[in-house]
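Note that this note's numbering has the sequence shown beginning at 137, numbered continuously upward.
In short, the hints are calculated from the structure, not lab data.
There's no promise every hint is true.
What the hints assert, rightly or not - Capping the alpha-carbon separation at 27 Å, the derived lysine-lysine pairs in DSS-like fashion look like this:
#	residue 1	residue 2
1	K140	K244
2	K473	K520
3	K561	K573
4	K622	K597
5	K388	K363
6	K140	K265
7	K181	K341
8	K592	K521
9	K410	K475
10	K363	K265
11	K592	K561
12	K341	K140
13	K572	K592
14	K622	K592
15	K363	K341
16	K410	K521
17	K341	K266
18	K140	K473
19	K561	K520
20	K521	K561
21	K597	K561
22	K597	K520
23	K520	K592
Stated by the list, open to error - Across the chosen pairs, the derived CB separations fall in these ranges:
#	residue 1	residue 2	range
24	R432	G166	56 to 62 Å
25	F637	C348	32 to 38 Å
26	Q516	W422	18 to 24 Å
27	V478	A164	50 to 56 Å
28	Q530	G397	53 to 59 Å
29	R279	L454	24 to 30 Å
30	S455	F637	55 to 61 Å
31	C187	L440	18 to 24 Å
32	H245	G166	53 to 59 Å
33	Q530	F603	36 to 42 Å
34	S455	T628	31 to 37 Å
35	C348	C187	28 to 34 Å
36	R577	K473	18 to 24 Å
Idealized CB from N, CA, C, for every residue including glycine.
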Amino acid sequence: MDGKLNVILIDDEDLVIEDMRELIDWEANGFHVSGYAYNGMQTMKLVRSVCPDIVFMDVSLPDTDGIRLSRQIRELFPDVVIIILSGYMDFSYAQGAVEIGALSYLVKHQMTPSRLLEVLFQARETIEKKRLSQRLGNRLLLRDILEQNAVLPEDTLEHLAAYRDSFVLLLLSPVTPVFQTDSTKDQIRQPHSSAFCTLNEPQMKILDLLICHSNLAVFIGISPEEKAGRGYLARLGLFVRRLLDIMLQTAKTPFFAVHLGRETVISGLHDDFKLLESHAGDYRFWPGQNIIDLSRIPSEASALPAPDTVFLDRENFLSHNQQFYIQLSDCFEHLLKTKDAVFLSSLCSGIRHLFRDLGEEHLLDGLTCTYAPDILPQVQEHFKKIYEEVQRQQQYSPSTNYMIRYIRQNYNLSPSLLDISATLKSSSMYLGQKFKKDTGRTFHDYLNEYRIEQAKELLSKTNMKIFEVSESIGITNSQYFSRIFKEMTGRTPNEYRAEHFSI
137 MDGKLNVILI DDEDLVIEDM RELIDWEANG FHVSGYAYNG MQTMKLVRSV CPDIVFMDVS
197 LPDTDGIRLS RQIRELFPDV VIIILSGYMD FSYAQGAVEI GALSYLVKHQ MTPSRLLEVL
257 FQARETIEKK RLSQRLGNRL LLRDILEQNA VLPEDTLEHL AAYRDSFVLL LLSPVTPVFQ
317 TDSTKDQIRQ PHSSAFCTLN EPQMKILDLL ICHSNLAVFI GISPEEKAGR GYLARLGLFV
377 RRLLDIMLQT AKTPFFAVHL GRETVISGLH DDFKLLESHA GDYRFWPGQN IIDLSRIPSE
437 ASALPAPDTV FLDRENFLSH NQQFYIQLSD CFEHLLKTKD AVFLSSLCSG IRHLFRDLGE
497 EHLLDGLTCT YAPDILPQVQ EHFKKIYEEV QRQQQYSPST NYMIRYIRQN YNLSPSLLDI
557 SATLKSSSMY LGQKFKKDTG RTFHDYLNEY RIEQAKELLS KTNMKIFEVS ESIGITNSQY
617 FSRIFKEMTG RTPNEYRAEH FSI
């Protein structure tokens, strides 16, 4: 029914029911008339069968009165919206309608299409507000279970009625470069449930989505018939692929999905979530795959202990460089053999800290590797450049090394020899000559070269306009920027972007 609200009509007159059905286009306005009944017995049977959202109740029926019958319905479905119908305005009936919390009291012969739609839209607003409140409350309860393994009392668990039966727990993680510094994970927003209306179907639907520990936990309800059917996991895979397509369209970021290949129950929710969370980074070992069913992945954990990463140290890198590369290769060999996401996280953390200790953390922005097999070649290439630069700088004078650090820290401002000479209390001419003798380049040339290297990263990794790139590296004249960029690279900024853009 595509998210339409279920409506049932209760009246002892065929003509009244027929008139109401013909008065408006129910489906076009987001409502579905699921059935009708003429007396109390038929009504209770119908209510149990269709679980209505809205009930139009005649106040007077052959075997009971509508007020009493409405109370019975409310005992079964406390959130149902009841609208009382009557042939005339009667104070006692109106008072009874108020007592049972009816949304409205309508006189049949005064009902018009506009009045009926007005009441229906009020009912929908009431239902949506209540559902939103329930959803927010449910999310708080679910978060307590997921994050803290909270043991909830039975009366509290009753609020999670949708989770009384088993369901599928899915974990979505954004696919990002390993060393990305602007953390897409921290930018995940709670998706609006309306985005998934086209995805849901009677046999399989999303119960809720919840951001937890920078991942997105997805709760999928499965009908008993679907669970019992053949090819259930294959259909679940198709459902998840459609979900990932919607996430890509709405979040503008690709996501990876991992699930257990079985259902989860509320009592085992915390443990299942922790298991999925431990595999949230597994996509880095499976290039080209965006869904992993853990029940089909053999455990590849090695009995051998993970290599120690203590060698990722500045002093060791500079003093024992060849041994450093051997140890680094050993770590990645172990990593690719075991597909250990926890060790991957530890190893990458150590690499990041080493880049920072070497004063080169900004270079991590140039590492585009997303998958484990691609990390070592890129990291080694950068480490070798750093080592060669360090070796050169060891031959430089202290003033030249200071000027290099100053350029790297202030390239996007307006660094000048005059500022440095004032700080070092030395002649700008002497400092400039010393700098050129050490590096083979003037201060101005070195500054521009460094700026252009930063511009290359921005052109290949962002959608920034050319003038924005120019300003971000400290060059206010974009025409001048384009000219020196072409002089140094042989391409205009736009030509370079066309060749290297990687988003």
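So, going through the hints one by one against the coordinates:
1. Note on K140 and K244: the hinted pairing holds, with a Cα-Cα distance of about 24 Å set against a maximum of 27 Å.
2. Straight-line distance between C-alpha atoms of K473 and K520 comes to about 25 Å, which keeps the hinted pair within the 27 Å bound.
3. Straight-line distance between C-alpha atoms of K561 and K573 comes to about 20 Å, which keeps the hinted pair within the 27 Å bound.
4. In summary, the hint linking K622 to K597 is supported, as the alpha carbons are separated by about 19 Å, within the 27 Å threshold.
5. Under the criterion of a C-alpha separation no larger than 27 Å, the hint pairing K388 with K363 is inconsistent with the structure, at around 32 Å.
6. The straight-line distance between the Cα atoms of K140 and K265 is roughly 16 Å, inside the 27 Å bound, and the hint therefore holds.
7. Annotation: proposed proximity of K181 to K341 holds, straight-line Cα distance about 26 Å (limit 27 Å).
8. Simply put, K592 and K521 have alpha-carbon atoms about 17 Å apart, close enough for the 27 Å limit, and the pair holds.
9. Restraint check for K410 and K475: satisfied, since their Cα atoms lie roughly 18 Å apart, inside the 27 Å limit.
10. Taking the CA atoms of K363 and K265, the gap is near 32 Å; set against the 27 Å cutoff, the hint is violated.
11. A hinted pair counts as satisfied when its Cα atoms are at most 27 Å apart, and K592 with K561 does not qualify at roughly 35 Å.
12. Between K341 and K140, the direct Cα distance comes to roughly 15 Å. Compliance with the 27 Å bound is thereby established for this hinted pair.
13. For the proposed pair K572 and K592, the alpha carbon gap of about 24 Å is at most 27 Å, so the pair holds.
14. Our distance criterion of 27 Å between C-alpha atoms is met by K622 and K592, whose separation comes to about 12 Å.
15. A threshold of 27 Å between alpha carbons decides the hint, and for K363 with K341 the separation of about 13 Å falls inside it, so the pair holds.
16. The straight-line distance between the Cα atoms of K410 and K521 is roughly 40 Å, outside the 27 Å bound, and the hint therefore fails.
17. For the hint linking K341 to K266, the alpha-carbon distance of about 20 Å falls within 27 Å, and the restraint holds.
18. A hinted pair counts as satisfied when its Cα atoms are at most 27 Å apart, and K140 with K473 does not qualify at roughly 51 Å.
19. Using a Cα cut-off of 27 Å, the hinted pair K561 and K520 is violated, with the two alpha carbons roughly 34 Å apart.
20. This hinted pair does not check out: K521 and K561 have alpha carbons roughly 32 Å apart, beyond 27 Å.
21. Our distance criterion of 27 Å between C-alpha atoms is broken by K597 and K561, whose separation comes to about 40 Å.
22. With a C-alpha separation of about 23 Å, the suggested pair K597 and K520 falls inside the 27 Å cut-off, and the hint holds.
23. In summary, the hint linking K520 to K592 is supported, as the alpha carbons are separated by about 20 Å, within the 27 Å threshold.
24. At roughly 41 Å, the beta-carbon separation of R432 and G166 lies outside the given 56 to 62 Å, and the hint is violated.
25. Judged by the Cβ atoms, the range 32 to 38 Å given for F637 and C348 holds: they are separated by roughly 33 Å.
26. Taking 18 to 24 Å as the suggested C-beta distance range, the pair Q516 and W422 conforms, at roughly 23 Å.
27. Under the hint 50 to 56 Å, the C-beta atoms of V478 and A164, about 54 Å apart, fit the expected range.
28. The hinted window of 53 to 59 Å between Q530 and G397 holds, with their beta carbons roughly 56 Å apart.
29. Between R279 and L454 the beta carbon distance is about 46 Å. The supplied range of 24 to 30 Å is therefore violated.
30. For S455 and F637, the Cβ-Cβ distance of about 40 Å falls outside the hinted range of 55 to 61 Å, so the restraint is violated.
31. A hinted range of 18 to 24 Å for the beta carbons of C187 and L440 is inconsistent with their spacing of about 56 Å.
32. Range check, H245 to G166: Cβ separation about 26 Å, and the 53 to 59 Å hint is violated.
33. Range check, Q530 to F603: about 39 Å between beta-carbon atoms, so the 36 to 42 Å window is met.
34. Taking the beta carbon of each, S455 and T628 are about 44 Å apart, not inside 31 to 37 Å as hinted.
35. Between C348 and C187, the C-beta spacing of about 30 Å keeps the proposed range 28 to 34 Å intact.
36. Between R577 and K473 the CB atoms are about 45 Å apart, so this pair departs from the stated range of 18 to 24 Å.
When the structure is compared with the earlier hints, violations turn up for hints 5, 10, 11, 16, 18, 19, 20, 21, 24, 29, 30, 31, 32, 34 and 36 and for no others.
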